[in-house]
Each structure stands twice: as structure tokens, then as C-alpha cells.
Amino acid sequence: MIALDEDRIMLRDTAREFLTDKSPVSELRRLRDSRNEDGFSRELWGGMKDMGWTGILIDEDHGGSDFGHVGMALVCEEMGRTLAASPFLSTAVMAATAIGRGGSGEQKKKWLPAIAEAKAIIALAVDEGRKHAPEKTALKAELAGNAFTLNGEKTFVIDGHVADAIIVAARTAGEPGDKNGISLFLVDAKAPGISVERVITVDSRNSARIKFDNVNAVEALGETGKSFNLLENALNAGRAGVAAELLGIAGESFDRTVAYLKERKQFGKLIGSFQALQHRAAHLFGEIELLRSLVLAACVTLDKSPDAAGTAVSAAKYKACEVGRLAVSEAVQMFGGMGMTDEIDIGFFMKRARSTQELLGDAYFHADRFALSQKY
Amino acid sequence: MPLETFRRETREWLAQNCPPEMRKPSRGEPDICWGGRNWEFQSEDQKIWLERMAARGWTVPMWPKEYGGGGLSREEEKILREEMRAISARSPLESFGIWMLGPALLQFGSEAQKLEHLPKIARGEIRWCQGYSEPGAGSDLASLQTKAEDKGDHFLVNGQKIWTSYADKADWIFCLVRTDPAAPKHKGISFVLFDMATPGVTTKPILLISGKSPFCETFFDNVKVPKANLVGTLNDGWTIAKYLLTHERASIGGGLAIAGMRSLPAEAIKAIGRDESGRLADPFVREEVIRAEIDGRALLATIERYKAEAKAGQGVGAKSAILKYAGTELNKRRYEAFMTIGGSDALEWESERSEEGTLAREWLRTKANSIEGGTSEIMLGIVAKRILDLPEA
Ligand SMILES: Cc1cc2nc3c(=O)[nH]c(=O)nc-3n(C[C@H](O)[C@H](O)[C@H](O)COP(=O)(O)OP(=O)(O)OC[C@H]3O[C@@H](n4cnc5c(N)ncnc54)[C@H](O)[C@@H]3O)c2cc1C
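Chains as they are written, first to last, in the numbering used here: chain D, 1 to 376; chain E, 1 to 393.
For the record, the hints were derived by calculation from the structure and aren't laboratory data.
Glycine is no exception: its CB is placed at the ideal position from the N, C-alpha and C atoms.
Be careful, since some hints might not be right.
Partial selection, computed: residues in chain E whose CB lies under 10 Å from chain D [stated by the list, open to error]: (1) A268; (2) A271; (3) G278; (4) L280; (5) I294; (6) A298; (7) L299; (8) Y306; (9) E309; (10) A310; (11) K319; (12) L323; (13) M379; (14) I382; (15) I387.
Take a look, some chain E residues computed to stay more than 12 Å from chain D by CB distance [unchecked claim]: (16) R23; (17) S43; (18) R123; (19) G138; (20) H154; (21) S165; (22) L208; (23) F219; (24) K224; (25) Y325; (26) E329; (27) A384.
Bound conformation, chain D alone:
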């Protein structure tokens, strides 16, 4: 285990400064209320590029800043604190990992600098049903000549509505449920046969349902039929990022709640002097501390040995779901009626916590995966 060194502390502090300035929660509110077409600000995305975040998991040879997963998590945590909307998770975390680890030299040269320069938004299309289950991939890819033809449907594709390209998990062999026979294809989002439905979710963010109708796919990522591990690499980076985002959501709603406990008076006293609330707040603080350690441990493992990080990542995402849920529930409860209003931001945190719990596997998914990895 590590303590954050000076570089990372600086990364965190500048991230906090940048995001509170450029993308406070009011920015998400503005995107929502103006029914913004993209659901995020392209100017902000450009700013993130200038900060080096788009290339955070990309090596310097391909134009990245290469801060590693610990750095990635610090940025995600700060994004959770201000609920900043951007294609960071899909593009800079998951797509960059899939291409960086599974792409040919050619593919890396083509795509990684494009990601780092914020010239390409790339979504990862995995889920097909209500729940995250990568090995259940059913979308068919059939070989026709020297290309594959994709047929099927994807859902909950983060940033699918604004993507320039899509990495699609498809089945080239076997049955849904088999890890073998899964392939990844990189397709142009405008390719004939692709239809994208933008889905606005409870947290005022976006995902997409995407139909693939005889879509021609020529560009495979990794070895056809054997890309499940590569997919897992990309997903694990994403899951760690989401866990870190939940850490930020929990931390920020907690801080706002504690501030309210020191400000709101009832019975002639600050409500923060009531022991019933003090102990619940203290318990929650402890839980957030435990979560922080698991997120850090997962990212240290991802940096060191990404192929062996599944257990640590699942432990972190599991705990993130549990602590995130507790933090926002306690926040709404301790804010009383105010907590239920759209006027204050607490509700935004509750909504985002719900969708990040679901994203890339909920607590049950990760509990189960953790147990499987420990052979029970």
C-alpha cells in the first residue's frame, strides 16, 4: 500500500481546482435544464485534454500523460465530487485500455493519439440486458469474406450517443455464457446499419441503445474469439474508475451533510449536536475511509499487474456500491425535507450514485465475482 506522493497530490489538487471552477454541479444542472444535445460540454472535454487527462492511461510514445490507474482514480474521484459529465470513462479509461493493451501497432498509432488529443470519442458496447454480464454477450459476428457482419443490440452504452467509434463485444463462437468466442470490433459509429437511440438516465447523464443490422466490421481488437481477457482489462479499468467516482460522490455528499449538521438548528440546537446523527455520521466516515483504501489498493494492483487485478477491483466496486448508497441515503435523510428538493444538489448525488452502482456491475455482481476468484 502507498501514500500519495507529491505528484499525485498535485494531480488531485489541480483536478479539484479545475473541476470546481469549470464543472461544478450547477453545470450538470445547466446541461439538464437546457436539454443539451451532447449531455456534456465539449469545451470542458477540451480543457480535460489540456490537463492531460484524456491521455491519462496512454503512454508518452502515443501522446499520453501516463499517470496510471492511481492517477486515473484521483481524477474520477474529483469528477464524482462535482458530478462532472464527460466521455472520460468511456474514452480515456476503457477505450484507451482496450486499444492500448489489445491493439496492433497500427491501431495504437491511429487511435491512441486521437484519444489523447480529444479528437475521438470511443464508446465500449458490452451490455445487452438489464444487468451487466459480459460473458453473456450474444450479439453475433459472422465471417463473410475478410470482414465480419454484426447483428444484434447493445444497451447502456455510455457515451454511445456522441461516439465517433464504438468498440463492440461480439460473439464469433460458442454460446452466451461462454468466455471463449468473444471478440472485440472497432467500428465507425456512422457505419451503415448502426442505429443509435440516446437514452437520458435518471442522473441527467446519457447512454445509448444501439442496434446493429448487418454492420460490416473489418477492424478486430485483439485475437478473434479470444478477447474476453482484453475486454476484462478494459472493464476492470472502468470499474476501478467508477468505484473512484462513487468514492467522490460519497465523500462530497458526506462533506455537505456534515456542513449542514453544523448549520441547521432545531430544538434550539445545531442538529449536529444530536448523538443519533453524530454516530451515523461517524460510522459513514469510517466506511468512506475503508472504501478509499480498497480503491487505492485496486489501482495499485492495476498499475502493477493488470491481469491479476480482478479480485481487488471487485472488492473495491462492491464496497463502493454499498458505501455510495449509504452516503447518499444518509445525506437525503439528514437534510430532511430540503434533501428532497431539486433546489439543492443532494438529489443529484443520489441519482448519480444509483447509476454508478449499476454501471459495470452492481454490488451483487462484484460480490459474486470476488467469491468466484476465491473459489467459493
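Assemble the complex: chain D is given as a structure, and chain E with the ligand must be docked to it using the hints.
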């Protein structure tokens, strides 16, 4: 010495010096070596192991060498722990001296006190007990009434302590006494040390729900304590008391996190078995096990993170309260799970099969975890006030 060399030499030394009996997994309490004047070693191997480790200062690896320690750095100590774990080597010595008094003396003791007491702790020659709680002063420890009157060259101590763990087995006591009854409650307390064999000290064991009596009522009737046995400044004992409690809490939380005596997944699989697909057969128990295992990891990772942060000069205060609270509540949950897994077998109290109700007694013992060393409610109160800065009621 480069760390890799240290690791190699440690491994070799352990291989040659750790006796076979001391490499069998500890069953917890019955296998612990507490040391002390009247200690009866459970085996020759236990004795040899203590002597060999003490000779290297490795019963207290990070204490300075001049006080009987090993003088190891944090990194070296970690390597020693890892290498011991790798061969399942038992801890050679556990004691209140190591966990509590030692750190307090290192910080507040006079040179003479350090030289007098620390090496005996390190060698397991003197066993200490903790005289803090009184019948009227538990969570509100600072309201303690045991008084020590100044009689020129000595203090005269009168009063009663309670819940004094192993007082009947201990050789010496570190004790909180009131030396200024007129001062505000935190300001009139002093920290003194004395021999339990001093005339006027008596102990009376208390029977616990586990059927055991590890702790006592302790009575002081005109006990003479030499002035030289005052630690730190007169009437400023509360500072030392608190410092010591921090160590006690951190070691309770940390100790429980690594107390790998019983593995929840292993016992669950043994008792319940696996289904066709190889999974632990009961999905409800499986979920309990997973939750406890992940929280166990989280606790260990947090202890490690706090150590790393302390070394880098960062981090929040009052961490020991978080670790104590999280560790003890988790341990209670784990033992509820062990009892559920054991079913009616786990209820057996006197049978040979159950080794005289070992599990049931351990389960009952865990209930004290969130009471001893400051209750969970007190820990939460500390976090609320010291870290969150919430207003007084
Ligand atoms: C196994 C074991 C070993 C021990 N060993 C030792 C030892 O070696 N030496 C020693 O000195 N002591 C020892 N103790 C004593 C221990 O430190 C005390 O039991 C503990 O501090 C609690 O005090 P109490 O028992 O008087 O409970 P009380 O203080 O009476 O507490 C009763 C209940 O009230 C709650 N409570 C009290 N104050 C508050 C508050 N302000 N807010 C909210 N809730 C509150 C408590 O949390 C608890 O739930 C030991 C105890 C146990 C169980």
C-alpha cells in the same frame, strides 16, 4: 543492510531457529505466550522460541536495541512479519507491556524507567496489567476515584479497579490514580507503576459469560508506591493515559484484522460443502462470507494506508478510533457467521468434540471487543468530535 539481504538472512535464521511446535497454526488464547514471573511454558519449544527471539530483540522488533528491541525499520519489521507468516511461525510473546505500556514508556518514561522496565517486557520476564477502569469510571474514565496521597518519599494508594484483565496473573500494574482531588477531572490524574506483590494489593476474578475469568476486581488498601514510579509529570497522567489508549485501540483493531485463526470461507466450505458448480452451497451464507471477507481486506488495506501516510507525514488524526470501531464490529459479525455456519454443533459447551465449547466461548468473547479499550459508541463519539468537529450536545 539492503532489504533483500535482510529478507534472506531473516528467512535463513527463522528456518534454523523456529522450533517445529511453533510453526503449527495458533489456536488463539490457549497457545499464546504471555510471559511473566509465574509463566508456565506450554512446551519446551515455546520457551526456546521466546528465548531465541528475545535474544535478537524480535519480540519487539521496532524498539531501540538499548531497551531490548530489535532496532528494525518499518520496512524490516514488515519483512520479518511476512517471513514469519510464510512458515506459520507463532508470535513468540504477546503482552500488555508490548502493546500498551512499552509505547507509552518510550514516549513519556524517564531514562531510568525505560532501562528498568522495557528489557523485561521484551524478554517476557514481567507481565503487566492495566489499571484504568473503576466501578464508577468506565467510558467516563476521567472520573476515576482511586486516590494516591503524597507521603513524602512515596504515594499511598487506596481504591478499586475493575475489569483488570489478568490482574491475578500479572506481576506489575500500570495504574491511573487521582493525585489532585480538587482539580478538574482530567487535570488531577497521574500515571504510576507498581508491583502487584506490594502489600495491600488484592485481586478477585470475575466470571464471564464465556465461562472464563480472565479479568478481576483489583483492590488497593494502603499500597505504598515509591515516587520514582511516577511516569511523566504529576497530575498530567491523562496525557499518557490517552496516548496509551491510542496504541491499545490501534492494536485491537489491527490485531483483529490479522487474527487469521479461523478462516470464514474455509470453515463455511467444510461445514456446508459446495454445489454442483463448485460454489459454497448456501447462497445466504456465501453473501455473509463475502461481505466479511471484503471488509477484512478493506480494514487491512486501511491499516497499511495509514502506516504509509504516517510515514509520509500525512493523514487524519484519531485514526485508531476508526480502526478499533471497524475491526471490532467486523469481528463480531464474523463470529456470528461462524455460529450460523456451525449450527447446533457450535452450541456444544462441554463436549470433547467441541474442545470444551471453544467456538461458542470465542464467540462470546468477541462481544467484549466493542467494549474493551473504549466502546464503539465512544469511538464514534471521538470521530464525531475530533475528526468531524461536530458540536457538543
Ligand atoms: C474483555 C474486557 C477486558 C477489559 N480489560 C480491561 C483492563 O485490562 N483494564 C481496564 O482498566 N479496563 C478493562 N476493561 C474495561 C473497559 O475499558 C470498560 O468496560 C469500557 O471502557 C466501558 O466501560 P463500562 O464497562 O463501565 O461501560 P459504561 O461506560 O457504563 O457503558 C455502558 C454503555 O453505555 C454507553 N455509553 C457510555 N457513555 C456514552 C456516551 N457518552 N455516549 C453514548 N453511549 C455511551 C457505552 O457505549 C455502553 O454501551 C475491559 C473490558 C472488557 C469487556
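Hints, one by one, checked against the model:
1. A268: holds, 7 Å
2. A271: Given a least distance of 12 Å, the restraint on A271 (chain E) is violated.
3. G278: Given a least distance of 7 Å, the restraint on G278 (chain E) holds.
4. L280: Nearest chain D Cβ about 4 Å off; hint holds.
5. I294: At 5 Å from the nearest chain D Cβ, I294 (chain E) passes the 10 Å test, so the hint holds.
6. A298: holds, 4 Å
7. L299: holds, 7 Å
8. Y306: holds, 9 Å
9. E309: holds, 4 Å
10. A310: Constraint on A310 (chain E) satisfied, holds at 8 Å.
11. K319: holds, 8 Å
12. L323: holds, 9 Å
13. M379: M379 (chain E) check passes; min Cβ-Cβ to chain D is 8 Å, inside 10 Å.
14. I382: Since chain D brings a Cβ to about 8 Å from I382 (chain E), closer than 10 Å, the hint holds.
15. I387: holds, 6 Å
16. R23: Non-interface label on R23 (chain E) holds, nearest chain D Cβ at 25 Å vs cutoff 12 Å.
17. S43: At roughly 34 Å from the nearest Cβ of chain D, S43 (chain E) sits farther out than 12 Å, so the non-interface label holds.
18. R123: holds, 32 Å
19. G138: holds, 17 Å
20. H154: Correct as stated: the minimum Cβ-Cβ distance to chain D is 43 Å, above 12 Å.
21. S165: holds, 26 Å
22. L208: holds, 27 Å
23. F219: The claim stands: F219 (chain E) keeps its Cβ more than 12 Å from every Cβ of chain D (closest is about 35 Å).
24. K224: holds, 43 Å
25. Y325: violated, 6 Å
26. E329: Given a closest Cβ separation of 9 Å, the condition is violated.
27. A384: violated, 4 Å
When each numbered hint is compared with the structure, violations occur for hints 2, 25, 26, 27.
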